[in-house]
Every structure is written in structure tokens, then in C-alpha cells.
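Each chain, written out:
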Amino acid sequence: MNNALIIGQYVPGDSLVHRLDPRTKITIIFFFVFIVFLANNVASYGILTVFALASMFTSKVPIRFIIKGLTPVWFLIIFTFILHLFVTREGTVIAEFWIFKIYSGGLIQGIAISFRFFLLILVTSLLTLTTTPIEITDAIEDMLHPLKRFKFPVHELALMMSISLRFIPTLLQETDKISRAQASRGVDFKTGPVKERIKAIVPLLVPLFVSAFKRAEELAMAMEARGYQGGEGRTKLRELKIERRDIFIFILFAFVIAGLFMARTYS
Amino acid sequence: MDITFKNVTYIYQQNTPFAHKAIEDLSFHVESGSILAVIGHTGSGKSTLIQHLNGLSVPTEGEVSIGEYRLSKDHKLKDMKELRSRVGVVFQYPEHQLFEETVAKDIAFGPQNFDVPESEINRRIKEIIPAVGLPESILERSPFDLSGGQMRRVAIAGVLAVKPDVLVLDEPTAGLDPRGQKEIMDMFYKLHKEQGLTTVLVTHSMEDALKYADRILILNKGTKFMEGTPEEVFEQKEALQSVQLDVPESVQFLSKFEKRFGHAIPFQKQSVEEIAQTIQQIIKGAESR
Numbered sequence: 346m347n348n349a350l351i352i353g354q355y356v357p358g359d360s361l362v363h364r365l366d367p368r369t370k371i372t373i374i375f376f377f378v379f380i381v382f383l384a385n386n387v388a389s390y391g392i393l394t395v396f397a398l399a400s401m402f403t404s405k406v407p408i409r410f411i412i413k414g415l416t417p418v419w420f421l422i423i424f425t426f427i428l429h430l431f432v433t434r435e436g437t438v439i440a441e442f443w444i445f446k447i448y449s450g451g452l453i454q455g456i457a458i459s460f461r462f463f464l465l466i467l468v469t470s471l472l473t474l475t476t477t478p479i480e481i482t483d484a485i486e487d488m489l490h491p492l493k494r495f496k497f498p499v500h501e502l503a504l505m506m507s508i509s510l511r512f513i514p515t516l517l518q519e520t521d522k523i524s525r526a527q528a529s530r531g532v533d534f535k536t537g538p539v540k541e542r543i544k545a546i547v548p549l550l551v552p553l554f555v556s557a558f559k560r561a562e563e564l565a566m567a568m569e570a571r572g573y574q575g576g577e578g579r580t581k582l583r584e585l586k587i588e589r590r591d592i593f594i595f596i597l598f599a600f601v602i603a604g605l606f607m608a609r610t611y612s
Numbered sequence: 024m025d026i027t028f029k030n031v032t033y034i035y036q037q038n039t040p041f042a043h044k045a046i047e048d049l050s051f052h053v054e055s056g057s058i059l060a061v062i063g064h065t066g067s068g069k070s071t072l073i074q075h076l077n078g079l080s081v082p083t084e085g086e087v088s089i090g091e092y093r094l095s096k097d098h099k100l101k102d103m104k105e106l107r108s109r110v111g112v113v114f115q116y117p118e119h120q121l122f123e124e125t126v127a128k129d130i131a132f133g134p135q136n137f138d139v140p141e142s143e144i145n146r147r148i149k150e151i152i153p154a155v156g157l158p159e160s161i162l163e164r165s166p167f168d169l170s171g172g173q174m175r176r177v178a179i180a181g182v183l184a185v186k187p188d189v190l191v192l193d194e195p196t197a198g199l200d201p202r203g204q205k206e207i208m209d210m211f212y213k214l215h216k217e218q219g220l221t222t223v224l225v226t227h228s229m230e231d232a233l234k235y236a237d238r239i240l241i242l243n244k245g246t247k248f249m250e251g252t253p254e255e256v257f258e259q260k261e262a263l264q265s266v267q268l269d270v271p272e273s274v275q276f277l278s279k280f281e282k283r284f285g286h287a288i289p290f291q292k293q294s295v296e297e298i299a300q301t302i303q304q305i306i307k308g309a310e311s312r
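Protein sequences, first through last, are from chains A and B. Everything in the first sequence is counted per our numbering, starting at 346 for the first residue and increasing by one. Everything in the second sequence is counted per our numbering, starting at 24 for the first residue and increasing by one.
These are calculated hints, taken from the structure and not from any lab test. Heads up, a few of these hints could be off.
Unchecked claim - With a Cα cut of at most 25 Å, we get these calculated BS3-like pairs of lysine-lysine:
#1 Lys535/A x Lys205/B
#2 Lys522/A x Lys244/B
#3 Lys104/B x Lys186/B
#4 Lys205/B x Lys216/B
#5 Lys307/B x Lys213/B
#6 Lys29/B x Lys128/B
#7 Lys260/B x Lys247/B
#8 Lys535/A x Lys260/B
#9 Lys522/A x Lys260/B
#10 Lys186/B x Lys101/B
#11 Lys101/B x Lys540/A
#12 Lys216/B x Lys522/A
#13 Lys540/A x Lys213/B
#14 Lys292/B x Lys522/A
#15 Lys99/B x Lys535/A
#16 Lys559/A x Lys522/A
#17 Lys535/A x Lys128/B
#18 Lys544/A x Lys101/B
#19 Lys96/B x Lys522/A
This one's a predicted model, so the numbers in the text were calculated from it and none came from an experiment.
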């Protein structure tokens with residue numbers, strides 16, 4: 346029961362990156378995703394790398410967490426590299442075996458593209474590593490606010506997000522409990538033929554759905570009992586505030602972009 | 024079946040930063056055919072103890088033996104199913120485990136998993152339904168249409184239909200009305216006696232522990248705090264209060280009676296009626312003097 350449940354991959358901390366306003370982080374990452382594709386020589390890649398590594402080190406997140414975050418995408422990075430290596434036919438042939446010819450352009454492209462990938466994933470995982478899911482939800486609600494003019498249900502969307510986040514640990518605990526009860530009644534979740542194991546999921550899923558619906562109903566009733574009626578005129582528990590450090594980071598990031606454009610070669 | 028815990032320690036998520044000792048160096052013995060009440064606060068390791076009784080958890084250190092089955096770090100059972108068919112566990116709020124379309128199918132689910140023949144299952148259902156106090160007309164209804172108390176009884180019937188030798192009850196009366204609580208506990212007690220079961224009852228109710236248990240085990244922070252017969256345990260009022268546990272009302276009454284009237288009535292697991300008779304005799308004795 347006492348499983349320490351970690352939602353997402355948030356690593357608690359008190360670094361500059363942790364304390365930044367989540368909106369600042371999301372905006373910067375949003376633009377970073379675009380400018381990564383503008384880099385086209387060693388100098389411009391260098392600027393981006395310095396930026397990414399600098400944010401990584403200021404965040405003080407232990408390297409092993411970052412590496413763990415990258416594990417599922419290593420395959421993608423390597424696959425991209427190999428694909429570019431074999432498919433691109435530019436520059437001079439530098440190696441040849443069997444039916445494959447490797448061109449120098451392919452090698453450079455392969456390195457460049459997979460490096461782009463690496464930078465992207467590094468920076469985006471830094472967001473989830475230093476920001477709690479609830480902060481991200483708050484930031485998204487705030488940033489989508491202008492859409493309200495077009496009748497887009499921003500508050501409801503954010504509420505849905507935070508409720509689902511809230512109930513993930515609860516449902517996991519419930520799953521644990523029910524699977525133990527059914528295992529005691531002779532269900533075998535771990536061994537046996539695949540067909541049997543798929544069948545064993547039914548006694549787990551049905552009670553889980555029943556209790557999830559019951560919970561939803563109870564929550565809705567509790568909210569109504571306390572007079573909840575949507576986001577109109579509601580104040581917030583966690584106020585998002587742009588601090589001096591956020592402005593400082595934005596200016597710094599502007600310099601990064603300017604530097605990138607200067608370092609870029611136009612051909 | 025006899026149950027023995029020998030120096031059992033259980034650590035959750037060992038070798039991670041979240042490692043957490045739930046039970047530490049716990050030893051006790053439950054004799055075949057007796058009732059052991061386990062008492063303790065939330066987080067005292069009661070639930071973990073239960074999971075060791077049918078192999079849901081295997082001790083990190085030490086050894087658990089249930090009848091001829093032995094469970095330890097180096098000795099894992101090849102087939103947990105056999106053990107689980109002989110140890111029936113009624114978890115807290117067992118109605119949450121119902122899932123079938125009809126009550127009959129849900130009760131049959133356990134025995135089916137343990138390969139009990141169909142005709143035998145039907146015979147058992149017929150036998151169990153009145154025993155748990157449900158009408159037979161309920162069998163073809165959906166378990167989700169029933170009241171909370173009825174759902175609880177169906178879930179209990181599902182565990183009993185396996186015909187276990189050891190019955191483990193984790194707060195089986197939580198959330199029921201007082202009358203339902205008494206009915207359910209009396210039913211378990213009757214079954215225990217009739218079928219010669221070995222019962223482990225986890226409870227918060229000192230009254231139930233006093234009334235039904237042969238021995239009481241008190242857990243505190245994963246270790247054994249006290250063990251003995253109800254008389255032995257409830258005598259130690261101060262020690263119990265030091266771990267925020269109360270003695271049953273009748274014991275409280277006797278100690279207050281002594282303070283107020285200067286007559287000590289030794290506690291011997293008497294019922295309310297017996298205490299009343301003793302008091303009556305004392306009063307009569309005082310009058311005739």
C-alpha cells in the first residue's frame with residue numbers, strides 16, 4: 346500500500362529552473378522547438394547546446410534522472426541517425442560495403458538531425474522534471490485564456506486535466522487493492538497462457554470502472570454541494586506571477602535567438 | 024491449519040529510496056481451530072500481515088508457515104493457487120471486488136478458479152446463500168443493484184464458497200449498521216465453530232476482540248506490542264493506552280466500579296449479564312449485613 350507514487354517524473358528541487366514561472370518555461374520551450382530547426386552549422390548548434398546544458402546544470406536535476414527520461418527515445422535518435430546515414434546521397438562517398446554507400450553528407454546530416462532530436466528531448470524533459478503537473482495545468486489554463494473569447498471552455502479543460510492528475514494515484518491504489526482481492530480468489534495475473542491472462546483482466550477492470558464512476562459521481566456532488574459553478578469569478582490558490590528572474594531569463598533567451606541568427610549561415 | 028510467523032520482516036520496495044519497513048521481526052503462533060484477533064492502528068502492519076497469510080507477499084526475512092505450506096525468501100511455493108484455495112481472505116470492503124453479471128456467477132468465480140466441479144459449486148451456493156443471510160431470489164440479480172450490506176454478504180459468500188480451512192477477515196464489519204455488524208460477526212463465529220476453521224480477525228473493535236477471540240495480538244509500528252488471551256491483554260489498561268488503544272467498555276466499567284464503590288470484580292471475560300449478576304450479589308450482600 347505504501348507505494349511511493351510519482352506522477353510524471355517531477356524531481357523536487359529549489360533551483361532557478363524550478364522556481365521559474367511555468368509559463369516562462371513553456372514559452373521558452375515552445376520557441377526552442379522552432380529555433381532548433383534553424384541551426385545549420387557548428388556555431389549555431391554550439392549556441393543551442395550551451396543553452397540546453399546550462400539549463401540542465403542550473404536545474405540541479407541528477408543526471409541519472411535525465412538519462413532515465415531519455416531511455417525511451419534513444420531508439421528513435423539512433424534510428425534517425427541510421428536512416429540519414431544510409432538514405433542521404435550528398436557529398437563524397439566515404440565508405441562502401443555490400444549494396445550500401447555512405448556519403449559524407451549523410452554522416453553530417455545523421456549527426457545533425459539526431460543531435461537536434463537529442464536537444465529537443467533534453468529541454469522538454471527538463472520541463473516535466475522541474476515542474477509539477479499541477480503547475481503545468483495552471484500555466485496552460487492561463488496561456489489559453491485568450492481563447493475564451495471564442496467560447497473555448499478553457500477553465501473546464503484545465504479542471505478536467507487537474508482532476509485526472511489528482512485521481513491517477515487513487516486509481517493505481519485501487520487497482521492494487523482489487524488485483525490482490527482477485528488473486529486471493531484464485532486469479533492468476535502473472536503466469537499462464539496469454540489468452541487466460543487477458544481473461545483475468547475482466548475481474549480487475551469491471552470493479553475499477555464501477556468505483557471510478559462512483560467516485561466521479563461523488564466528486565460532482567461534493568462540488569455542487571459547495572456551490573461550484575465553473576470558473577466565473579473564481580480566485581486562485583496558486584497565483585502565477587512573473588518575477589524578475591522570469592524577465593531575466595526571457596532577455597537571456599532573446600540573446601540566444603539573436604546569437605543563433607548571427608551564427609547561422611545563409612546559402 | 025496452524026499458522027506460525029517466525030521472525031518475519033517485510034520491506035516494501037527494497038533497494039529503492041522509498042524502502043519502507045512494514046513488519047519487523049514479528050513472531051507469533053495461531054493454533055489450528057482458534058481465533059486470533061489482530062489489533063493495531065493504521066500503519067501498524069496489519070494489512071501487510073494479512074498478505075503474508077496467502078502468499079500475496081513473501082517475507083523479506085524470516086518464515087511464515089501455514090499448515091504444511093512454508094513461505095520464506097529462499098522457499099517460494101511453486102503453486103500459490105493451492106495455498107490460496109485453503110486460505111480465504113475477506114478484504115476490507117470486499118464488495119469492491121464484485122464484477123460478474125449475476126450474484127450466482129460472482130460467488131462461483133472463486134471455486135471455478137480453483138477447479139471445483141460445476142455441480143459441487145451449485146451445491147455450495149445453495150448452502151451458503153442462507154448462511155450469509157441472503158434470500159435465494161437474489162442469485163439471478165446483478166450484484167450492482169443490491170444494497171451495500173447485501174453486496175458485502177455476496178462478496179463474503181464468494182470467499183466462503185471456496186471452502187477454505189483458514190479464514191482471514193480484515194475489518195469485515197466496517198461501514199455496516201450495528202445490527203448488520205452483529206449478524207455478520209455471529210455468522211463468522213458460527214462457521215468457525217461448525218467447520219473447525221482457523222480464523223484471523225483484524226479489527227478495531229475491542230468488543231469484538233473480547234467476545235470472539237481466543238488470543239489477541241496487538242501490533243504497533245510493525246512490531247508485536249502485546250500478545251495473550253483477552254483477559255491477559257485487557258488487564259494492562261495503561262500499556263494499551265500508551266499506544267492509543269482502549270480497553271472494552273465492560274473492562275472500563277469494572278475499573279470505574281472499583282474506584283467508585285471499592286469492590287474489585289476481577290475481569291474474567293464475563294458478559295454484561297454476568298457482570299450484572301455479580302453486582303446484584305454484592306448489593307444483596309451489603310443489604311443483608
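Evaluated hints:
1. Lys535/A x Lys205/B: Roughly 38 Å between the alpha carbons, so the hint for Lys535/A and Lys205/B is violated.
2. Lys522/A x Lys244/B: holds, 21 Å
3. Lys104/B x Lys186/B: Holds: Lys104/B and Lys186/B sit about 14 Å apart, inside 25 Å.
4. Lys205/B x Lys216/B: Measuring from Cα to Cα gives roughly 16 Å; hence the hint holds.
5. Lys307/B x Lys213/B: violated, 37 Å
6. Lys29/B x Lys128/B: violated, 39 Å
7. Lys260/B x Lys247/B: With a Cα-Cα distance of about 17 Å, the restraint between Lys260/B and Lys247/B holds, given a limit of 25 Å.
8. Lys535/A x Lys260/B: violated, 47 Å
9. Lys522/A x Lys260/B: Violated, at roughly 35 Å.
10. Lys186/B x Lys101/B: With a Cα-Cα distance of about 22 Å, the restraint between Lys186/B and Lys101/B holds, given a limit of 25 Å.
11. Lys101/B x Lys540/A: holds, 21 Å
12. Lys216/B x Lys522/A: violated, 30 Å
13. Lys540/A x Lys213/B: Given that 25 Å is the threshold and the Cα spacing comes to 41 Å, the pair is violated.
14. Lys292/B x Lys522/A: violated, 36 Å
15. Lys99/B x Lys535/A: Satisfied, since the Cα-Cα distance of roughly 15 Å is no more than 25 Å.
16. Lys559/A x Lys522/A: Holds: Lys559/A and Lys522/A sit about 16 Å apart, inside 25 Å.
17. Lys535/A x Lys128/B: holds, 23 Å
18. Lys544/A x Lys101/B: holds, 22 Å
19. Lys96/B x Lys522/A: With a Cα-Cα distance of about 23 Å, the restraint between Lys96/B and Lys522/A holds, given a limit of 25 Å.
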